[in-house]
Amino acid sequence: MIIRIKTLAADRRHFLAGLGALAFPAAAQAQLTIRIEDPDFRPLPIAIAALQGKTAEERATADQIGAVMTENLRNSGLFRPIDPNAFIQRDGSEVNAPRFNDWKGIGADALVTGSVFHRTNGDIRIEFRLWDVTAGVQLVGRALETLETNWRRLAHKMSDVVYQRLTGEQGYFDTRIVYVAEEGTALARVKRLAIMDQDGANHRFLTSGKNLVLTPRFSPSAQEITYLEYVSKKPRVYILNIDTGRREIVGDFAGMTFSPRFSPDGNKIIMSLTRDGNSEIFIMDLRTRERQRLTNHQAIDTSPSYRPDGSEITFNSDRSGRQKIYVMNADGSSVRRISNRAGRYATPVWSPRGDLIAFTKIEQGTFYIGVMRPDGEGERILARGFLAEGPTWAPNGRVLMFFKKPRGGLAKLYSIDLTGRNERQVETPLSASDPAWSPLLKD
Amino acid sequence: MKLKTALVVLAVGLATVGCSANSKDGVDGGRTAATATERPDAGTSWQNYTAEENNGYSDRVFFAYDRFDLDDDARSTIRAWASWLRAHPDARILVEGHTDERGTREYNLGLGAKRAAAVRDQLIALGVDAARIQTISYGKERPAVAGENESAYQQNRRGVARPSGGGA
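Residue numbers (numbering that gives the first Met the number 0), protein chains in the order written: chain A, 0 to 442; chain B, 0 to 167.
So that you can see chain B by itself, here it is in the shape it has in the complex (with noise of 0.2 angstroms):
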């Protein structure tokens, strides 16, 4: 009777832990407990790699208003990016550099630019080789999301990883 109760707490215990795991990497309410705590292998392919239903990594960071520093979750993303190339020696990264639209044309281009420089500065440390990285800056030209509001101006100040060769 006793070691009933206890085996039942157990497997309370264990569900609540499935469930912190679960919220910490961030994983919307509709996966999985199962592929939330497994993420792609880095020697997989990217498409694999970021694909949402794989649980994967996001193939892009964000910024603040303005700035073109890395925040924890950005230098978390780029760590997998660098763990994937490096298990892909072949493949090659293209960074964009994006704004949002409420800035002038000509600075967001030249801010666009900032932030592609900052990723790759990020992966140059996590010790990927420098000829491997080229970088493009869009400026306010190619939204990811379209409307006039923070949520979107969010989304759309952002670094892209694009990789392209072996195993991309």
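Chain A on its own, in the form it takes in the complex (with noise of 0.2 angstroms):
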């Protein structure tokens, strides 16, 4: 699917009503910016006017956008947007032109407004413009065109030029997210795996349910998952592609294999092989089909995951006597431990950013989800329950998933900021648990 997008400059009407602003240049250089690293961080308060449309489609299409964009932006916890029964300017004007102190009373910060157009030939085209309402400024405008049936990628592609402008951040929403959903009792659970948007939209399943599938991970394109299937009783990774539901095995392996990844290029799968009992961790180029081993310890080697430059790799391992995390050169070399707190550590996961390894942890029979720097310092737990397990990163690094189970109640997907603020379910059509978090969608 074709995206396109182009810049919409600010036209001079917008120049004129920001020369109020130009008077003051220290209330013009006050950029508009959410600090949320701020102990007194507030959700800034964003005005989403009606998007614009010249037909009753286009008003349709044009509401459905607003409605997925406030959503975006509430869930993310970063923005409060205002109830449209308070707008004052509403008769469309604000597209181009719109008047500060309307907005200004109404208490928003930020101000969004555009329009809608559906084109002949099947495709919409959205022009939409977010404006500093303080300062009287444009911040940003794009024009957005692609297939009418894709309009909700617009709509997470304007909410993620939104979240980028106002939080400096790179925007996650669009993008999806792949789980296993489970049904039945503990005895007889039934696991598939389902993919959706990060909001929960266009949700299907990609597996039937005969076989037990688990851990599934996205390809840096987003195109495959690698994850672990149950096959007449031999648990192998396979590859799966999203879009043609081809299956394929990753090698041609005696023993289990299981814990898979795609390193950051997309061309090797890392994953634990089990022999004689023991889990090792290998390499296996998908294009030359060579393996390469890269521990050799007799404890359990699992659960790997790449630097995003390639260059280390984080594993699980209770070489030690207990689960704890390590880091290894990319061959293999120079490993050491990184998690050295009482506890059980397990599941790392190195951010997108580099900056921070997610981890489980168990202590004194109460699971947590916490965050690491790579060199083992400043372990942050941003949340508990009493089975949490399996954090995922959102692609910008800010945010992260996983799935919870609380005493006597079902498994489900959470996500939660860095900070450990706006912890929040994920509604999925029935219990959930191994999430992933796909890299942002290609245009």
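No false leads were slipped in.
Label-pair restraints from in silico Cβ distances:
1) B:Ala63 with A:Gly408: 21 to 31 angstroms
2) A:Gly309 with B:Val144: 42 to 52 angstroms
3) A:Gly183 with B:Pro88: 36 to 46 angstroms
Keep in mind the hints are simulated off the structure, nothing from the lab. Built from N, CA and C at the ideal position, the CB exists for glycine as well.
Starting from two chains that each stand alone, build the complex the way the hints lay out.
Printed below as a string of structure tokens:
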């Protein structure tokens, strides 16, 4: 699916509107920015004006896009969308000429306006602008075009633009989640791979439930998933093409293969291979079919995850007698333990930004989701539960998803901000575990 | 008169022996002393060999938390499996390794594999041909008992024997 994006310059009227601010350079320089790490952080009040359309169809699309954007920004925990019933300027004139005092009056710091155009060839075009209400200037303007059936992706792209301009961090709304959907009792559990947009839309199942499936993870292109499937009592790592549904086994190994992830370049799978009961970490090159063993220890070595530049690998091992987190060079050399506190540490996952490693920790019967720096310092616990496991990073390295099961309850997906704020359940049709967040989708 | 007393004492003594044999075998109180003292012969089918109503052998062994070493009970059970396999040379055996749910998924797959391998190694040490033994780890995916308490977890940390073919 092709999405075309152009920048919309601020036109003359916007400069005129901004003149007031220019008379006060200090105000103009005060950039509208969300400071997420501030202790007194408050979500930014934003008005998302009704997008305009000439026809009833255009207006219907406009309303849907506005609703998706509103939910995205609200759910991020960084924005507080203002109730449209409070809007004063609502006759469509705000699209190009907002009356900033009207928006200031209802408490908006930022304003989104725009229009939707249906083309005769089945495409839609959206022009939208983000305004700094206090300074009275346009912050960003974009025109986006794509197939009409693809309108949700435009809404996510627009959300990403707003998020990026106001937080200084990359957005993460134009992404998908793959996870394991669970049905049935504890003794007769059926597990299926399922995929959905980041906001829960476009949900579908990828496997039938006949075979046990676990731990799906996206390829860097977001077109493929590597995961564990039990086929004829043989647990092996597979790659599934999301669009074609084609399934391919990774390598021809005599023993169990599990805990797979793609390398950052997408050319290799890193995973555990079990021989005579002992699990070691291997790399399988998908082009040459060559395999390389990275660890050589009688302990359980598993859950490998690449540093985003491919130079190092973090993994889980109980070679010290208990589960701890280790880092090694990409060729298996220079193994060093990074988690040095009490408790069992597991499932290390390197942040897409490279600055942190997310993990699961088990201590005195409680499960924790946390992050630490790659040198093991700066540990912070973000979430906890009777059973909480399997963190996965949004592509901006700012938001994490994991699954959590309360005592006597069902496992569900949760997302949380890196600050530990805004923990919220991600709605799924069934019980859910093993989430994996995709990279940003390609235009 | 004296003889009669002696007979009574002897009878009491026999009953005591029967009773202690009963408890030593770990048989629950519902079973009679007569069946408790006899176990099925290795020549029988696996189903009969492990049937509870026959005072059969267990089809599973248990492990301590986060461990895969075999205790005396487990070794004795695996000896019984080896006897059965000797009596059924055409049978093969699948050993499943399982964990409780109080660990992370991938590590538990590795731990289940260690448990299955520990059972397999013990069978090989007892003379069973390695080619007849297969192992599989289910990690925490296939609990035997539902429940979020130590007694359920204990029963789920297990290695299970599943023979197939000749006599199973």
